[in-house]
Each structure stands twice: as structure tokens, then as C-alpha cells.
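Sequence order for the protein chains is L and U.
All residue numbers for the first sequence refer to the working numbering, where the first residue is 1 and numbers rise by one.
All residue numbers for the second sequence refer to the working numbering, where the first residue is 1 and numbers rise by one.
Bear in mind the hints are in silico, worked out from the structure with no lab data behind them.
Treat the hints with caution; some may be incorrect.
[What the hints assert, rightly or not] Stretch by stretch, here's where chain U covers chain L in the computed footprint (C-beta under 8 Å, at least three residues):
#	segment
1	4–10
2	227–238
[Claimed, not checked] So these bits of chain L aren't anywhere near chain U, every CB distance computed over 12 Å:
#	residue
3	Arg73
4	Asp86
5	Arg124
6	Arg146
7	Thr159
Even for Gly, the Cβ is constructed at its ideal location relative to N, Cα and C.
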Amino acid sequence: MRRALAIAFALPVLVTGTTLALVAWNRSAPRGPLALSDREVSLSVSRGSGDDDTRQTLSLQWHNLFETPTCDRLQAAGVPCGRRMDYPGYAVLELNGPSFAAYIRDVERANAELEQQPGREPWRQKRDVAALQGEGSRLVLVEFGRDGDALQRKYTDGTRFLILPATIGVWPSERRGEPAGRIAIRSAYGIHLPAHLAERVMPPQTAPGDDQPGARHRFRILLQYGRRFEPWVVDASQ
Amino acid sequence: VTKDDAQRRADQIRAFRAEVAALSSEGVRVFADEHAERVAEHHDALLTSLATQFDVDRTDTGRRMSLAMRFASAFGAAALTAAVVSFCYRIWGSLSTPAQVALLTAAPLVALTAMVIAARRERTLYVASLCAIVAYGAFVLQTMALGDLFNMQSSYRVLAVWAAFGFAVSWPYRLGVPFAAAAISVISYVAAFGFSLFGGKWEDFFDWPETLIVPAALLYGGFERTPPELRPWARGAALAVALLAVLFVAHSHPDTLLPWSRGTAGVFYQILALVVAIGVVALGVRKGRGETLVLGAIFAACFLIGRFVDWWWDWMPKYLFFLIIAATCIAWLWLLGRLRRRLAGVPA
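If we strip away everything but chain U, and leave its shape as in the complex, we get (with noise of 0.2 Å):
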């Protein structure tokens, strides 16, 4: 049982009172008084042990409070990140040599331990997620500081260090923001790789995007032995990896590596694109993937939304143009609708 799993039973638990309580003002009796009293109790033990084991949020209030909670993590975790590596280049210069190496190496060591003494003393993991952000962001400061200092010739490998660090650090507790990270290194590793191999500097991948969408469209299905709770973090990073990529070749075309010209490639990744827009929500829809479904329509909005203003903006009037968008939503609607009744199973 993960902490989904809990969190989705006593939802359903909540959900089931409140329907009982509903029949019963109704005048509808669904158990004998005895009976009801033993489900309660019941209901009430498993959330008890429910919340001691998984800490579920038993309300409506709880469940917004730790969404609250998972955003000021967050924050704080950039937050802090951003500290270390300001405390770092301000106490730099004073440094001997040997004292910057001691402390770029103990850096991501204490955080780790930060993450270790936490998740020991808080069930929620809100402290262990966020120490463990920044001992990703002190070990990514560590690999570039060290090369800095020793002025050496940076390598694509470093992406795979990345990787493996970002895995190690989420697995344990199930830590999803390292888990994406690592996902995005393993991507990048790829892409660098490859890019290395057409002989160009690796660095310059990222203005290569094409070389980003194989692997990243490879790796979001590669996360289906992973545990549960972490294998939507590393869809939804793969599947952003690979959306933007698409989205900036068919909208700016940069040089390609395909053997054709920029505008003939453009126009492949334009079509590309729409296809994947379709199938990624198609997929979202069909396999229950929430993430993946919310990305898919923000990425055909964004496609769609690019390609109207390259095609209509500059010579079309202004109510026409902001009307073919509405007209393109209103159709979306109905498409969405027809989708929807038919999962339902509501003849169309």
C-alpha cells in the first residue's frame, strides 16, 4: 500500500459517509443501526491507522493545507538552494584551495544527512523532500565548482553523475522533484551523447532540441517498474522534456540535424506536432494519466495558439483572428465532450 493507495481509501471512506448521510436525510436506510455502527467503527480504525501510517489528509481543509505545505516545500527548497550557493561564491575568495574542495564535497553530504535525520522524524517528508532538493542542487553546484576551480574541460558524463545522484536521492523516501531531475539528467545524457557522436561541442545539445525529443519520448515509458508514487514525476518530466522540444523546432526552426533543408524540416515538425498534440491527450484520456492529459491540452494550446499567430496575425483583422481561436475552442469542447460521453458510455 503507498501513500496514493491510503489517500484514495479514505477518500473513499469520506465520500461513502457522505452519501449514507445523504440517503438517511432522504429517508433512505441503508444498514440497520448496529450494522452502521460497525462500519463505522471500523472506517474510523483504518483512518486512524491510515493517517498514523501514511499521514492521509481526513478532510477537505487537510488536502488543501498539504497542497499549501508541498508548494512552500518547494519554495523553500529553491530558496535554500539559491543560499548555499551564494553563502559559497561569497565565502570563495577567502577560501585556500583544499577548503573549497572540503566544502563543495561536504555541501550535498550534510543535506543528505539534513534528509536522512528528517524523514526519520516527520512522516509527511515535506523537511526530507525539501533537504533533499538541495542536496541535489549543493552535488550539481559541486560537479561545476570543482571543474571551475581545477579549470578543466567540461564532459557530457557529468549529466549521467547528475542522473545517478537524483535516483539515489529519491528512491529511498519516494521523493518525487529529485526524481524528475534525474529523469531530465538522463535525457540530457542522451541527447549530449548522441550530439557529441554528429561531432558537435556537447554543450550546445540544447540548441539542438531535436535531440532531446527520442530519448525523452523513449524514456517516458521506460518508468513502468518504478514505484508508483514516483512514475507520474518522471512521465510528466520526460513528456515536458519532449513537448517543448517539439514545440520550439515547429515554431522557430533551428538548424536540424534531419538530412533536409530548415524549412522542409519545419514543416515535418510542424505535422509532428500536431500528431503528438492528439496523441498525447488521447493517451492521457485512455490510460487514466492525469498528468500526461493536462500536458497534452497545454501543449496543443500552445501549438495551435503559435501556429494561428505565424499564419493570420500580421495580415488578418483582429476580431476574425481572436474569432477563428474561439471557434477552434468551441470545437475542442465538442470534440472533448463526444470523448467524454463515450468513455461514459452515453450514446453520442
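If we strip away everything but chain L, and leave its shape as in the complex, we get (with noise of 0.2 Å):
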């Protein structure tokens, strides 16, 4: 009786120790920071009067370059494609690189695809580049694979690239060349944003009728992340 006690008291206790000794280890390596604004980032803050869900998260903005890979392409990232199934793998992210470029080129295509043939593909829409260009984010999926640490010595300008755990999701084809699976970053949402730094990117406390339309909330974000892959806030500001 006495020895299942203490393992039951020890345990919150020993699972505390071993989670700041795997964050320690983690941050021991830091690589960044890059730096991202409110192009990339959407916070999910509160002023904690009356809330009952007062957590501080943001979460980044990304395009994606590989909408829907083909087998080829997911084999080619070391993902088997025999089954439909989710595989753990990572993403890498570039901010503001040529890969953003490419993608607004994407955009401009089939823009002017649409124009072409307006009929073809009713639900699809023209996007306004200029927006894109001006307002919208800079991250862009540029590789993804099931290697973090192979990513990780590809891309090692932890400036400009951010890599991070995500889902690899297959749903073979009987077609070669067809869509065949799906990128998703999880870690992506929700990233915590301590207190402290929480307070200094706070929207502006606005009365009612107040509201400005177009005006922005600016403010800029420092993210790192480790050798577990695992990102973290290092500072905030407006």
C-alpha cells in the first residue's frame, strides 16, 4: 500500500522533471529566430475579464507549394505509399524566399487560366495577388520528409527556414501522377505564448463603434526552435 502511494505521489513530480529536462535539451540548440509579423501569425489572446478559456496561443499562416503530392513525390520523402495512412514527418517552412515568389507565380497562373476558360471551374475564384503580395503570409511549405535531422542539415539558415513535426497523410492512387496524399502541420496552431510576451502584442482595448476598418494590428513575433523540432516564443513586440 505504502509503496503505491509514493509511486502515485512521485509521479507528477517525476513527469514535471522529465518534461523541463526534454525542453531543456530541446532549447539547447536553438536555431533562428525568425522573425515574422502579423502577415504570418494570428493570435488568439485574451484579457482574461470573464473568459473561460484565457490560454495565449498564435498560430502561423503558411502556403502550401504541395497542395496534393503524387506517390512519386511522397516517395520520394521516404513515405511509403502502399496504404492510406497518416505518417509523422516534418515540414520546413521558408519565410519570405524565393519559394514565395514561385507560389505568387502559382497564383498568377491560374488566375489567368480562369480568365481563359471561365466556365471550366466554377467554384474556384480569382485571389488578388496585390493582397497576397502586401498583406499576406510569407511562409511557404517548400520540402517535407519523415528525416527531421536530414531536413535539418538541408536547411540550415534557421533564419529563413522554420522546421517543424507535421502529418504526412497518403491516400494511394490507381493513377500515376495523381494527387495522392496531404500535408498537415499541426504544430503549427496553437504555439503558447507566455504571459509576459502576450501582454505587449495585446490588440488595443477599443470602445464600441470605435473600430477602425482596415486598421491592422502590427506587431512581430521571434520563434525559435530545437533539436526536438519543438518551437517556442522567444520575444513579442509591436
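Combine the two chains into a complex, taking the hints into account.
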């Protein structure tokens, strides 16, 4: 009885100790920081006045160059394409690099196709390229794979590239060259924002009717990631 | 002597007294007066001792009250756990990171301390059981919220830690609910580990319910050396998980890990479900395990009704559909009746 109780009392302390040790190990080799702005980051902050959930988090907005990768592309990234399944992996996001320019070109091409054949895909709409260039996120998914360390060796510049744990979903297609997967980066959402940093980027409080249409809340976030590809916010400012 | 043994003895004494009173009113004297007095005195002393040691119910009203208290304890535990989680989230944003870590670590420790104090003060263990469930909930919250706090990658090993905590909390005072939760955590751990060997994301093991069937079935028989008060909880939890998984794969034909097409695997699981339904009910009857019998019967009913709906609902006249269900129930009654007569040694 005593031994069982001792284990029960020890486990919460052990869990906290292990967690802190893993966090220290992750942060002992920081990569970055990546300087993100309100273009790439959306905040979920609460003033704590009567809210039931006052967790402060941020989420990354990013574009995808591999909207639906083919089996060949998946296999090249080390992902088996024989079974419908979600695999754990890693994704590389590039900030404001050549991939962003490539993404803009993709959008322009798609807009041109829509103009030439207006009735072909009625569910698709033209996208505002100027708004994308001026206000849209400059983070673009450029690479994915199952081996995070291999990606780390390839994308060494932590101020331009962010490597995060991702899910690589596979749905094998009968025909070669057809879409066969999708990339989801769950770790890009709900990134914890410590209270002292959340205060710095809290949107200004406005009285009812004071809202200025079009006024954008500007802020800057510095993000790093470590050995375990776990990100953390190192600084935040308006 | 466990609490169940003590309650069984108290029930035996009550039944014995009722029968002696009935015989005496029918004019049959079982004991001479002096013997009857000695037996009554012995039973009174025994009941007092059992009530002091194990808080057994001496009357039917007492038993009903106990059941009501058990429900109140379970609902109270669920509500208190929800209150702890909601409170944490409500004040979360105003705390610094060290304070958040300290709060998460302290919550299960406080609940554990309350459990130990409550267990020393009341023999019924209703409050201790409530505190144990809250401690388990707070511990789960701790592991998950710490992960969120530091944006950590999740690991299936957390399920093993939940299991260890559940066993450690339930063992000292033989508390069933955290023991059942620990059993489910063990099953989930084995399933998640196995699923990760296939290369999949471990969190998805739940979308592949067949990963749960084998560990749950193995664990069902793996609690023979645990205290008898905890055994039905663990067996019930393991069986419920296994049967729910079989029911789901037999009905919904999700993606399969078997080297067959989804259709072939679906047929295989339907046949398996039928065999399992019969097997579990038979096992429950043979071994006299109440929880096994009840779960097996519920499973068989759900499986058959699901199958009937799948096969006939769309095209069959409704009166015929319900007639078939009624006929199946009557056939089931007849089968159980035969089984009961055979067990009672009465020729069929």
C-alpha cells in the first residue's frame, strides 16, 4: 500500500522533471530566430476578463507548394505510398524566399487560366495577388520528409527556414501522377505565448463604435525551434 | 476477507433469518429456543463486526442507499474534475510559465493528499474514490497541458504513465474507477505502440480500432493476480474496449491493417463478432462473471440489431423487420432458458 502511494505521489513530480529536462535539451541548440509579423501569425489572446479559456496562443499562416503531392513525390520524401494512412514527419517552411515568389507566380498562372476558361471550374475564384503580396503570409511550405535531421542538414539557415513536426497523409491513387496525399502541420497551430509576451502584443482595447475599418494590428514575433523541432516564442513586440 | 466477502456473508445471514422466520410461521421449528438465541447473538455480533470493519449494508434500504451514494460519488468526481480543468483554463492567461508548471504539478498531489485523508476518516471510501478520480483527471491534465505549454511533440508513452498512475492510485484502497481507467490506458498504450510500428501517427490508433482488439482480449485474462475487488473493473473495462472495437470494425468497415481488402476484412470481422458474442456470453455464464455476461449480452444485441438494420431496413416492410427482431428475441429467450435449465440440472 505504501509503495503504491509513494509511486502515485512521485509520478506528478517525475513527469514535471522529465518534461523540463526534455524542454531544456530541445532548447540547448536553438535554431533561428525567425522574425515573423502579423502577416504570418494570428494571435488568440484573452484579456482574462471573465473568459473561460484564457490560454494565449499563436498560429502560423502558411502557403502550400505541395497542395496534393503525388505518390512519386511522397516516396521521394521517404513516405510509403501503399496504404491509406497518416505518417508522422516534418515540414520545412521558408520565410519570404524564392518559394514565396514561386507561389505568387502559381497564383497568377491560376488566375490567368480562370480568365481564359471562365466556366471550367466555377467553384474556383480569382485571388487578389496585390493583397497577397502586400498583406499575405510569406511563409511557404517548401519541403517535407520523415527524417527531421536530414531536413535540418539541408536547410541550415534558421532565420529563413522553420522545421516543424507535421503529418503526411497518404491516400494511394490508382493512376500514376495523381494527387495522393496532403501535408498538415498541426504544430503550427496553438503555439504557446507566455503571459509576459502576450501582454506586449495585446490588441488595443477599443470602445464600441471606435473600430477603424482596415486598421491592422501590427506586431512582430521571434520564433525559434530546437533539437526536437519544438518551437517557442523568444520575443514579441508591437 | 474483502468487502465483497463481508457483504456476501451479511446477505447470507439476512436470508437465513428470513427463511427461519418463514418456517416458524409455517409451524416448522428449526432450533430449540436456546439454540436460536445463541445463533441470533452470534449473527448480531458478526454483523456488528462486519459493519464496523467493512461498512456492509445490513438491509435492502441500506443497499439501495449505497448504490445511490456510489452514483453520487462518480458524478461528483466527474464534475469536480471538470471544475479543476475549467479553473485552470480560466486563470491560465494571468499566470507566468513557472506558476503554470507549479499549478499543474500541485493539482494531482493535492487531490492525492485529500484521498489519503478521506480514506483515513471514512470507511465507505466514497469521498476517497471521488478524490482518486479527480487526482487521475488532474494528472492527465498535467501531462497534456505541460505538452501544450512547451509545444512538445506528443508520445504514446504518456499512456503508459497514465496507466502507472491509475494503478498506483487505485491499489492502496482498492478503488475501481481509476483501476478501470488504468486498464484502458494499458490497452491504448499497447495499441498505440503497435500502430506506430506500422509507421502511422500514434494518435491515429483510435481510427484503426482493430489495434485495440488483441491487447484488450489479452488483458481481459491478465488480471487473475490482482485483488478480487478490482478484478471485475479491469475485466469489464478490457471487455468493453474489445467489444466496442469489434462492433465498430464489423459495422463501419474502416481501413484495415489486415492484408485484405476492406470488404473481405469487414466480412471477417462480422463472423468474428458473432463468434465473440456467443463466446463472451458462454464465458460469463460458465465462470459466473456478472460483468462479462451483461457486456456480452449488450454486445450481442447491438451487433444483431445493427446487422438487421444493415441488411433489411431499406427494402423490407417495417412490420416484417420488427417481426424478425421479435422472433430473434424469442429464440434468444428459448436458448437462454435451455442453458439455465441445464445449469440447474433440470432435464430440457
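Checklist entry - What are the numbers of the hints that this structure violates, sorted from low to high? => result 4 and 6
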